[in-house]
Amino acid sequence: GAGVSQSPSNKVTEKGKDVELRCDPISGHTALYWYRQSLGQGLEFLIYFQGNSAPDKSGLPSDRFSAERTGGSVSTLTIQRTQQEDSAVYLCASSSQGALARQPQHFGDGTRLSIL
Amino acid sequence: AQTVTQSQPEMSVQEAETVTLSCTYDTSESDYYLFWYKQPPSRQMILVIRQEAYKQQNATENRFSVNFQKAAKSFSLKISDSQLGDAAMYFCAYRMIYNQGGKLIFGQGTELSVKP
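So the protein sequences, as listed, match chains A and B.
Residue numbers for the first sequence follow the numbering used here, beginning at 230 and rising by one.
Residue numbers for the second sequence follow the numbering used here, beginning at 26 and rising by one.
Hints are computed from structural coordinates only; laboratory data are not their basis.
Please note that a few of the clues may not be correct.
Here are some, though not all, of the chain B residues that point toward chain A, as calculated from beta-carbon distances under 7 Å [to be verified]:
#1 Y50
#2 R68
#3 Q69
#4 K128
#5 F131
#6 G132
Idealized CB from N, CA, C, for every residue including glycine.
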């Protein structure tokens, strides 16, 4: 597709369950970012992938959160043993450059995660 | 650490009028990028305008312009001839150039309503 694609669009799950969120970046984009947007808040950086380099995980809030990027393309964000405070919109973005930073990040529509 | 502050949680403007959204930031870096993103109810983050810190000239994009005051660390967005479609959340964001992989640091957002 032409843009960043995220699935599912919405996810409702019970506290304690594991969830997987998927991001398919724009073709050819080497940099991929995950952000979290809690209700009424700005976006909070979670993790960054650039090509085959080790990811920057400095924004992950706890060890229940992990992410991988297979083949330098699709990324999956996994939250284990979900808690109610994990309820948020999770946004993925990609860009054609990472560290050089000039190229803008293109965002997907996000996944709204609700923990019951 | 870098921070971005938007002191106006909500703003309102009459259609066809002009409105200015405020943003201040804190950094010890001399080179960086600043952005304004728009987030309509669809959740997708849309880039409105971008400013390179090394450029003294204020960026403009059609009806959108910025007032970049580097010494004051201020980066306000002016929307001229406001339209109903401008109603959205607006986020100011900062991005380092050479480090941290180009992750964006966001303010808390300003919700703009446009009255017909």
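Status of each hint after checking the structure:
no., hint, in the structure
1, Y50, "violated, 12 Å"
2, R68, "holds, 5 Å"
3, Q69, "holds, 5 Å"
4, K128, "holds, 5 Å"
5, F131, "holds, 4 Å"
6, G132, "holds, 5 Å"
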